[in-house]
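Asker: The whole structure should be built from the sequences, with the hints applied where relevant.
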Amino acid sequence: DVKVTQSSRYLVKRTGEKVFLECVQDMDHENMFWYRQDPGLGLRLIYFSYDVKMKEKGDIPEGYSVSREKKERFSLILESASTNQTSMYLCASRSSGTGLPLHFGNGTRLTVT
Amino acid sequence: EDQVTQSPEALRLQEGESSSLNCSYTVSGLRGLFWYRQDPGKGPEFLFTLYSAGEEKEKERLKATLTKKESFLHITAPKPEDSATYLCAVADDMRFGAGTRLTVKP
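Chains as they are written, first to last, in my numbering: chain A, 5 to 117; chain B, 7 to 112.
Be aware that a few hints might be false.
Mimicking BS3-like on lysine-lysine, the simulated pairs with C-alpha atoms at most 30 Å apart in a straight line are [said to hold, decoys possible]:
#1 A:K74 - B:K48
#2 B:K63 - B:K74
#3 B:K65 - B:K85
#4 B:K48 - A:K17
#5 B:K63 - B:K85
#6 A:K57 - B:K48
#7 B:K48 - A:K61
#8 A:K7 - B:K65
#9 A:K17 - A:K61
#10 A:K7 - B:K85
#11 A:K7 - B:K69
Derived from the structure by calculation, the hints contain no laboratory data.
Answerer: Here it is as structure tokens:
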């Protein structure tokens, strides 16, 4: 079974802090994704990566950056956290190739005060 | 831009009361449509992939179908443990609908 592990289940940070959300997958997947999930808005794609050191902007990249130095690890960085970044953050991975599903971690609930 | 719309936003059923959830999409060249189940506080769990119009997939009380413009998730004789949010998404940009929150009362 694919396992996607997000390092924290809950995080509380202050406005202006730099925040790192870590995600590790154990199935040698090429593609990795970061989403945020808000009530009524569903999942929105922040960034994704097709391979090591590659990154692409999703629908809502503003205020975020990412890092993928190793294949199994994909980090989401909030450069200067703001209250409107309070959300559930979900990491996912999949193999490369057309029409393959995502495998998700259990999420990090981030609160910015 | 690809669009994925799910309806209804929320659905309350009595145990045993069958119903359907809808996922409509506008994509150029569908490469796959996915259904996921999400329990509170957890990440989405993959259920089905459908690739072409007319295709059907089944798992226990769930059956997913696909046409050229929409997909349905049929729930037959649901049980309280089927309560969850059901999400659909389209490949390959993995754009998701907002989900349907299903509650099944005993």
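Asker: If a hint holds in the structure, say so; if it doesn't, say that too.
Answerer: Results of checking the hints against the structure:
1. As the CA atoms of K74 of chain A and K48 of chain B are separated by approximately 25 Å, the hinted pair is consistent with the 30 Å bound.
2. Of the supplied pair hints, the one linking K63 of chain B and K74 of chain B holds, its CA atoms being roughly 16 Å apart against a limit of 30 Å.
3. Only pairs whose Cα atoms come within 30 Å are accepted, and K65 of chain B paired with K85 of chain B is accepted, the gap being roughly 14 Å.
4. A C-alpha spacing of about 21 Å is found between K48 of chain B and K17 of chain A, which places the hinted pair at or below 30 Å, so the restraint holds.
5. Between K63 of chain B and K85 of chain B, the direct Cα distance comes to roughly 19 Å. Compliance with the 30 Å bound is thereby established for this hinted pair.
6. Distance check on the hinted pair: K57 of chain A and K48 of chain B sit about 28 Å apart at the alpha-carbon level, within 30 Å; holds.
7. Between the alpha carbons of K48 of chain B and K61 of chain A the distance comes to roughly 25 Å, so the proposed pair stays at or under 30 Å and holds.
8. Note on K7 of chain A and K65 of chain B: the hinted pairing holds, with a Cα-Cα distance of about 22 Å set against a maximum of 30 Å.
9. For the given pair, K17 of chain A sits about 24 Å from K61 of chain A by alpha-carbon distance, which is consistent with the 30 Å threshold.
10. For a cut-off of 30 Å, the pair hint linking K7 of chain A to K85 of chain B stands: about 28 Å separates their Cα positions.
11. With a C-alpha separation of about 26 Å, the suggested pairing of K7 of chain A with K69 of chain B holds against the 30 Å cut-off.
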